[in-house]
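There are 2 protein chains.
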Amino acid sequence: MVFLHLRQRTNSVQALMQITEGQVSKQMVKWAGSLAVESIVLVEGTVKQSPELIKSATIDDIEIHVSELWLLAGVEGRLPFSFEDAGRSETAPEVEGQFNRVLLDTRLNNRVFDLRAMTNHAIFKLQHAIGDLFRSYLNSNGFIEIHSPKLQGAATESGASVFKVDYFKGNAYLAQSPQLPKQMAIAADFERVYEIGPVFRAEDSNTHRHLTEFVGLDLEMAIEEHYHEVRDLLDGMLKAIFRGLKEQYANEIATVGRQFEAEEFKWRDGPEGTLILTFKEAVDLLVEDGVGRDILDDINTENEKRLGRIVKAKYDTDYFIIDKFPLALRPFYTMPDPEDPSLSNSYDFFMRGEEILSGAQRIHDPEFLSQQMRAKGVDPESMKGYVDGFRIGCPPHGGGGIGLERVLMLFLKLNNIRRASLFPRDPKRLEP
Amino acid sequence: MVFLHLRQRTNSVQALMQITEGQVSKQMVKWAGSLAVESIVLVEGTVKQSPELIKSATIDDIEIHVSELWLLAGVEGRLPFSFEDAGRSETAPEVEGQFNRVLLDTRLNNRVFDLRAMTNHAIFKLQHAIGDLFRSYLNSNGFIEIHSPKLQGAATESGASVFKVDYFKGNAYLAQSPQLPKQMAIAADFERVYEIGPVFRAEDSNTHRHLTEFVGLDLEMAIEEHYHEVRDLLDGMLKAIFRGLKEQYANEIATVGRQFEAEEFKWRDGPEGTLILTFKEAVDLLVEDGVGRDILDDINTENEKRLGRIVKAKYDTDYFIIDKFPLALRPFYTMPDPEDPSLSNSYDFFMRGEEILSGAQRIHDPEFLSQQMRAKGVDPESMKGYVDGFRIGCPPHGGGGIGLERVLMLFLKLNNIRRASLFPRDPKRLEP
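Residue numbers (full-length UniProt numbering), protein chains in the order written: chain B, 1 to 432; chain W, 1 to 432.
These are computed hints drawn from the structure, not numbers from a lab.
Among these hints, one or two may not hold up.
Identical copies carry no separate label here, and so any pair may be met within one copy or between two of them.
Pairs of lysine-lysine, PhoX-like flavour, derived with a Cα cap of 20 Å [stated by the list, open to error]:
id	residue 1	residue 2
1	428	164
2	169	428
3	384	428
Isolated chain B, as found in the complex (with noise of 0.2 Å):
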């Protein structure tokens, strides 16, 4: 008789094959008990209630009876890390001899193997989950969803880092968002378009929040009366990820916790709303909390980590907005703020002290437009395509650009953006 631990996707069950008169011979059974560890099989059988609980199968009340196995595929060499060690709690002390934590770029350089770990396929299940809460929240509040061209003929967005491209004799440039073609969309009568692609940054910095490739969630909407619906809807749409990950998908976040722990994220789902500072209010806080206001024209990274940190301990919730940001610190197409021009009517999002997503209202009158960007130092000549847009009317608009891994990462506490991406980019890596 021999034992086979089987598994599939997140679960795990545990098979037996004996020696049977007439089905399976002792031959059978010696092959079956030395296959290597990891080989592909398909097995027939009957499904039996085990005589005890089986810890080490996350099925753990049943065992398959196999009579027939077949070698679907088997294992060439040796596997670069133990698929024990792949699962094994990140905060477990190591057991000389015994184990050894598998480094993340040992992991990445072997990433098919590594993403076979069951905290892998709940990631990405978890990461499929969150498009589907977005899409489906934003189709049934009368978005469409729309495809815009990464390929752009001139390098926009106030000439942030931009990986240029060979096309034919000429060149053309990477989209950093889909910014442009969402407000074109817009004033071409859409009202409501949302966007799931890849956006492209070439920025030089290795840190654990940035990939040079990652997956964008972006939505724009024509505003009635006021900005504070785009905000209020991105909200809404959020708390609908939380809610639904939290409800649908409570498996898959304890078996990513058995590896990364982390305190359950947080957020107000009540009547009280969301927490939302203005700029302002979140300086103070960090003021009182000891910053220098004279370093607080802006809200560096530290400092964003240290007001998560304040806004969990006054308002027990990992998950906040903070409104109306200097003009100054944003990009040319953000609509100041009609009560005071030194600010405007832009917003961040926050989870677990980190940015998720930036979004504002854009302006959309071409004269306007075409001013605040010679402000910022860009020729409006050279983006005349996108401010033509806007000489047909468009309506007043807003949106905001969400990166999919972060949110993953920050629900997830995963610590590295990397394990996010199912082959994360970024300035080192281009493979696997």
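Start from chain B and add chain W according to the hints.
Here is chain W on its own, set in the frame of chain B:
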């Protein structure tokens, strides 16, 4: 009193504003009457039964009695062409002095305005619908959505035309399909995956059916016993899309039909199943029709269309499959037919005589894969990460890739793929 023609997305309605004591002044009515065509307004009013059917509006039995009207955005300068001309039937004869057909290039140069045409609103609603139907069919068949990187370290897939990107101090290449990553996801036990994302082809061909960037609907799945499991799932998925469009989007299809006259798209949805021809049977049909067998080693675009007409006449369907292509015509990763190694376990799907989907069973054994790569002049070392992905064992698998814009163009018979892309890209067009 003044009449206003109001439009929102694919609907229009008649409104009227009349002088009303204490509510609507004479000046107000005069001003409303002077607004430029295509101005964007916000109105408040009362919905009333209209005294007679209003032929010029899509909602013909009511009218709005306006009490307040706000101009949100006006029109600057002259419109590039008239809104009426933008939506006129492509087959209606031109009338000198009354209207000129708006050329596709003129439309694309003024795409934002062109997109306002109701036909275009309907086209992109249907584009959205195809994506939704694709996902919903696959989600309910155990697939998960993945996002694979578009930036690749090597120019993959048998040296076909690929765009080169400046990547910091080196180079990257834009993915021509998610072929390799989706197969690696299968090797990582994901079993069934799909992706919707941009794919890039650096082919210098300005045909009616090629774009340099289009949206790929790709899927890959493990096979239990036979590659026809994949072919049949793809077939089921496409029929679910056709059915969903016809049943849920009849209005949008009719709207497009008023500009682009087309026979209704026909497919077999009964128990007889989709027409599946082998490559050999397809060749025989062409030979019977008078094409010389000597030029039919491959079926070129012209003969594909001819075959479409033959099939339509003989089987009354616009949709069919060709199975079992000669191995020599397919990429290196294609599985040969075990019964005849000159053939392969591969298929193309056709709509109205044009290819919309290409797919196959893939080779899952790393040694055999390396051998086939060398036979096609690809160095296995140049794609080491991909080949190594199979060394830890990978189940038999297959899949396919669909061009979203092609399905949309052919279902509606738009005659040019640029009409099925929001902001199309071809060798000569990177703007807007």
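Against the earlier hints, flag every one the structure doesn't satisfy and list their numbers going up. none
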